[in-house]
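*Asks:* The chain contents come next:
There are 4 protein chains.
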Amino acid sequence: MSGSTFGRIFRITTWGESHGPGIGVVVDGCPAGLPLSEAYIQAFLDRRKPGQSKYTTKRNEADSVEILSGVFEGKTTGTPISLLVRNQDQRSRDYGNIASLFRPGHADYPFTEKYGIRDYRGGGRSSGRETIGRVAAGAIASLLLKELGITVRAYTKAIGPYSISSENYKFSEIEENSLYMPSNETAQRAGEYISQLMSEKDSCGGVIECVADGLPAGLGEPVFDKLDALLAQAVMSIGAVKGVELGDGFAASASTGSRNNDPFFSENGTISKKTNHAGGSLGGLSDGSELILRAAVKPTSSIARTQQTVNTDGENTEITVLGRHDPVIVPRAVVVVESMTAVTLADLLLQNMTANIENIRTVYRRK
Amino acid sequence: MSGSTFGRIFRITTWGESHGPGIGVVVDGCPAGLPLSEAYIQAFLDRRKPGQSKYTTKRNEADSVEILSGVFEGKTTGTPISLLVRNQDQRSRDYGNIASLFRPGHADYPFTEKYGIRDYRGGGRSSGRETIGRVAAGAIASLLLKELGITVRAYTKAIGPYSISSENYKFSEIEENSLYMPSNETAQRAGEYISQLMSEKDSCGGVIECVADGLPAGLGEPVFDKLDALLAQAVMSIGAVKGVELGDGFAASASTGSRNNDPFFSENGTISKKTNHAGGSLGGLSDGSELILRAAVKPTSSIARTQQTVNTDGENTEITVLGRHDPVIVPRAVVVVESMTAVTLADLLLQNMTANIENIRTVYRRK
Amino acid sequence: MSGSTFGRIFRITTWGESHGPGIGVVVDGCPAGLPLSEAYIQAFLDRRKPGQSKYTTKRNEADSVEILSGVFEGKTTGTPISLLVRNQDQRSRDYGNIASLFRPGHADYPFTEKYGIRDYRGGGRSSGRETIGRVAAGAIASLLLKELGITVRAYTKAIGPYSISSENYKFSEIEENSLYMPSNETAQRAGEYISQLMSEKDSCGGVIECVADGLPAGLGEPVFDKLDALLAQAVMSIGAVKGVELGDGFAASASTGSRNNDPFFSENGTISKKTNHAGGSLGGLSDGSELILRAAVKPTSSIARTQQTVNTDGENTEITVLGRHDPVIVPRAVVVVESMTAVTLADLLLQNMTANIENIRTVYRRK
Amino acid sequence: MSGSTFGRIFRITTWGESHGPGIGVVVDGCPAGLPLSEAYIQAFLDRRKPGQSKYTTKRNEADSVEILSGVFEGKTTGTPISLLVRNQDQRSRDYGNIASLFRPGHADYPFTEKYGIRDYRGGGRSSGRETIGRVAAGAIASLLLKELGITVRAYTKAIGPYSISSENYKFSEIEENSLYMPSNETAQRAGEYISQLMSEKDSCGGVIECVADGLPAGLGEPVFDKLDALLAQAVMSIGAVKGVELGDGFAASASTGSRNNDPFFSENGTISKKTNHAGGSLGGLSDGSELILRAAVKPTSSIARTQQTVNTDGENTEITVLGRHDPVIVPRAVVVVESMTAVTLADLLLQNMTANIENIRTVYRRK
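Protein chains in written order, with my numbering: chain A, 350 to 716; chain B, 350 to 716; chain C, 350 to 716; chain D, 350 to 716.
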């Protein structure tokens with residue numbers, strides 16, 4: 350099956366390697382009637398484009414998207430939307446020296462074990478460029494969410510040890526620093542930390558937080574397709590993410606029931622919660638409050654420092670990973686986390702349509 | 350779709366409510382030829398059975414499993430295996446008083462919003478009893494893993510703030526304390542903490558760790574069905590789990606590339622890693638080392654303490670959750686985490702069979 | 350995967366063998382709020398029950414259904430509905446003599462090749478009793494269709510060479526003869542034909558026709574999940590069905606475009622077709638007219654006549670299939686074809702809900 | 350979901366409209382290590398290319414395929430294979446006159462009802478050009494089948510009333526006539542029939558037969574994913590196909606058990622069948638003999654003759670379908686039926702790998 354499809358109704362299928370002809374995605378199951386243009390999608394892709402700050406790879410890619418199908422006279426038609434981004438800067442000579450080496454922290458070794466063959470050019474399918482398809486699909490998902498008044502926003506909560514606690518968030522500052530942190534001050538210190546690591550041929554990771562507003566209660570399917578569970582799969586499927594949590598997450602495990610339960614209250618006919626330790630999900634269904642999730646991103650595996658490893662003949666050796674690599678991928682991964690969250694929510698919104706007979710009567714009696 | 354099916358090839362479909370006639374699971378796609386008995390499955394179920402220690406609910410359930418199909422003359426036949434556990438102790442009178450209230454921390458409110466109807470007896474489908482089907486399926490998955498020399502073991506790493514660091518693990522002690530902790534000493538202190546909370550009509554959570562040994566390299570499917578991603582879905586889909594991480598997980602986000610990368614080395618023709626910060630997964634594929642994951646479990650939502658809430662008419666009110674509830678569900682959830690891990694690994698083992706043409710030739714030329 | 354699940358949103362998973370403890374189905378994705386009782390399902394099951402006429406097996410089975418989950422206070426809750434029918438008359442001694450023989454026309458040989466093991470008692474999983482789960486699920490699907498004014502009805506068009514042309518249908522007579530034919534006269538002659546075959550230890554097949562009324566236009570998903578395609582899978586998946594056609598079907602292949610195209614016309618604001626050679630489907634989507642499909646059922650494979658075959662040691666030998674077998678399964682398969690059609694339509698009705706943004710707005714703005 | 354994906358393990362997702370930028374397919378789950386080139390795929394596409402004989406549309410399309418991913422150094426890598434064919438001859442002016450009319454026999458009306466929007470240029474998604482993706486995927490599937498000694502071949506059995514009975518097949522003549530019939534003589538008469546219809550602005554259909562050789566016994570999954578059932582879906586999902594049958598198909602319904610059962614016999618240690626009324630499938634699993642299926646293709650719906658219809662405002666009117674249309678699509682659909690059969694068989698070959706524990710041990714112990 351090879352795992353390139355995500356979603357039940359709003360389904361995305363990505364394809365493409367780092368140094369092949371291109372990268373793309375097919376979005377099947379997007380409802381007809383949404384206004385969609387290449388410019389709209391391009392704006393999302395530009396947020397993950399390389400070369401935007403001193404903390405990102407110098408690889409020079411326009412990452413221009415082309416809509417190949419599924420849109421007619423500016424609107425989605427309900428048929429699959431195929432999106433293509435051509436790879437341009439395919440300097441695969443940079444990767445010749447690693448063709449016969451297993452890079453630490455990378456998928457080279459298990460890929461070879463699994464497939465018996467490996468596209469060694471820049472990580473091939475396991476390259477970060479694979480996320481282009483996710484972001485393009487995320488743009489379309491966001492369009493659907495927007496129609497229903499739902500917004501999704503991700504930002505950098507931490508770079509290495511430099512973390513911002515939620516009471517100090519300054520959301521207006523997110524776009525003001527190249528790390529997408531809700532605090533210019535912390536971003537400044539994190540930036541110095543990254544510069545220091547770069548000079549030491551090292552790298553770091555961080556934490557991305559994502560918030561969704563405007564969700565109706567009831568999204569998510571009980572048991573295996575819980576809102577939490579599908580979001581966990583969606584976000585953990587992003588390369589370099591090693592942990593996911595909702596609401597208080599791991600901290601909740603050290604709390605008590607009396608502190609962790611969010612009391613309900615009613616005001617002007619609207620039911621809300623006084624607190625939101627749950628992060629917007631109860632029993633795997635959205636509870637109408639803000640959805641909050643966090644993803645732990647490991648340090649970039651590609652570092653210029655010499656590392657010990659094994660070659661494809663099974664001999665011990667050393668490796669120095671050359672090429673153009675981000676010292677930290679967190680800032681560019683922000684829009685990827687946001688996109689995967691949007692795709693998951695869009696799918697669950699559609700799945701939820703058939704939960705009860707009243708919804709069904711509403712649709713078919715309208716006709 | 351309603352989310353009751355998990356897995357692509359080794360697929361489990363669970364059903365059942367807390368106070369209905371029974372709970373069960375259909376396991377489809379289990380290979381033919383495995384020796385399977387009710388006694389084997391029962392041993393797994395007994396590990397999650399209530400009433401085993403002073404820290405678990407007094408609900409009295411034998412939870413006896415019956416194999417309804419898929420086994421002939423003591424062996425699996427390749428057809429779906431249907432398993433049934435009858436509910437016996439259905440004291441639904443305990444729940445009458447909450448029929449019209451939304452319990453804080455529970456799924457009552459979003460279920461009602463989603464379906465327009467709610468089985469209010471003991472949580473219905475969102476009850477912890479739903480996990481019976483998972484554990485029964487996990488027993489079968491373990492059987493398949495065992496055939497290939499793979500073992501999966503889970504235990505309690507932390508109860509509330511009482512956590513054991515990995516260098517202090519005493520694995521031989523896990524079965525010696527009713528909390529399934531690899532340290533009798535910490536278990537002792539955690540037990541006192543739980544007793545204290547019980548006297549205060551409060552509850553706590555904890556952290557469960559799960560380790561799988563003997564995995565070949567290459568399990569997991571790139572992109573969306575990464576080993577990490579499917580395990581995250583599997584484990585996060587367990588009620589009360591609010592966070593999942595692999596290897597160093599969230600701690601990795603504060604590390605550096607030079608520290609977090611695991612160097613490869615070769616010895617006697619075998620490729621291994623010197624460290625295992627990755628927790629056994631690189632690029633979403635197993636790397637041949639130990640798989641390590643952790644799940645954060647929130648404190649039990651059902652507490653006897655009076656809480657503020659709203660009733661089904663939307664009026665502010667108070668609730669006192671009576672009935673028999675675990676002050677901490679962690680010990681009973683250990684086997685559930687282990688089961689979901691086993692089911693995920695079994696499925697990925699089968700998916701991996703078709704990764705390359707050499708595997709396929711091997712099977713079809715044998716005939 | 351082993352193929353025991355059908356449907357995308359309204360999903361059914363069947364399990365069970367002819368001579369195991371029981372047969373059942375799990376229906377996941379049924380909307381909440383439908384009135385459902387065991388009596389309602391039982392009425393469907395009674396239509397396929399053995400022992401109802403001289404043309405059906407004497408096997409004595411009550412085939413009583415028990416609802417194990419998914420229904421609360423007489424209504425579906427949106428969670429999986431698990432249904433169980435215990436096998437009662439398990440005279441497996443009848444099958445001892447065929448344990449080591451491959452019955453012609455049966456799945457014995459390929460099952461053994463595939464699984465390396467075979468439940469030889471009465472066909473095991475490939476027994477006609479497997480259809481119990483389909484019919485129980487079909488009852489639930491019909492309930493959903495009924496809510497939207499859609500009816501599905503199947504009947505016997507032909508028994509062996511005795512076929513009724515559509516202009517001679519007398520629908521009122523279907524329930525008056527034990528072959529469920531819309532012509533008592535043809536049923537009479539077909540009955541004599543069957544009696545003759547029984548005396549010769551032989552069997553016959555026939556054609557079942559199924560008609561659905563009240564479908565809105567637009568059901569079905571373009572390309573692979575066309576209405577025609579999913580109905581073809583659904584109906585061809587019934588054991589003994591060897592052909593499926595919609596509308597004029599095979600006859601259309603010998604027609605011309607000018608005769609086969611159905612002209613549209615409009616009357617009182619309603620768009621209809623003057624003819625219905627298409628059988629209610631255009632481009633794989635329902636077109637608002639009557640859906641008509643036919644299934645070709647092969648003669649019963651189990652015949653008492655001595656046949657040539659091979660045993661499990663690969664030696665040439667003879668076989669005489671004893672036991673209780675229907676000389677023709679068509680009458681009992683009528684409700685199975687109807688059920689599979691209902692299940693397919695129910696699923697496509699739910700899938701169609703998300704086809705356009707207007708439907709989605711309608712549901713979410715209602716709240 | 351919108352139905353653009355087919356297959357469980359070997360999965361194909363097609364996209365594209367008749368007059369959009371292009372048409373394509375993503376093949377996910379193809380094993381690594383198969384030799385694959387654009388030239389190989391192109392040879393399949395050339396068989397369905399328009400403009401090859403006087404019986405096919407004059408639309409001028411090179412239909413050149415580009416491999417965008419999944420192939421490295423001439424071999425498949427196990428990652429998704431994305432294939433793109435640009436549309437070139439997009440004379441959409443031909444379709445302007447039908448933008449506001451519902452063409453009889455076409456999907457225009459139900460598409461509009463379903464999506465509220467319609468790409469009216471040449472049928473859009475429901476155009477025959479959609480099958481380009483199927484054929485490209487079929488080429489890859491054939492490659493996998495070839496590795497295991499399986500061949501799939503389709504041809505024209507009938508054009509309108511001109512049908513060839515199997516005892517008169519001359520397989521060597523298939524490539525000698527532009528209708529791909531195994532009889533030049535019948536092809537000659539069928540050709541005259543088509544010419545006659547063309548002069549009358551009319552069209553015809555026909556029957557395509559497909560045969561697969563070399564299949565091991567046991568392919569197919571019991572119950573819903575039977576070999577017959579998935580083939581039926583696969584073939585019926587091709588636009589214009591209105592009926593499917595295996596082996597004797599509809600004729601079997603008028604036969605008797607004693608004639609229709611295929612006796613087994615053993616020779617030199619190999620088990621075979623004396624006859625093949627079943628068409629190579631017993632109980633939904635391949636039985637080791639030749640697989641035979643037939644598809645009924647309706648007459649081309651686009652005819653130049655004036656027809657009665659309704660416009661998008663619901664008014665009665667007339668339509669004359671201009672543009673370039675095949676008077677019969679059967680010859681070009683031959684490779685489409687062959688491709689869908691190959692895709693289905695490839696998928697079932699992979700699914701079958703995990704049927705028993707012996708296969709699994711064989712793969713994992715090899716390592």
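One thing to keep in mind: the hints can contain errors.
Put simply, identical chains are the same to the list, so a pair is met inside one copy or across any two.
[What the hints assert, rightly or not] Okay, derived cross-link-like pairs now, EDC-like style, lysine to aspartate or glutamate, Cα gap no bigger than 20 Å in a straight line:
| id | residue 1 | residue 2 |
| --- | --- | --- |
| 1 | 623 | 664 |
| 2 | 623 | 667 |
| 3 | 403 | 387 |
Hints were generated in silico from the structure; no laboratory data involved.
*Asks:* Please go over all the hints and tell whether each is borne out by the structure.
*Replies:* Hint-by-hint comparison with the structure:
no., hint, result
1, 623 with 664, "between (60 Å within a copy, 15 Å between copies)"
2, 623 with 667, "between (56 Å within a copy, 14 Å between copies)"
3, 403 with 387, "neither (28 Å within a copy, 40 Å between copies)"
Going down the numbered hints, you'll see the structure goes against just number 3.
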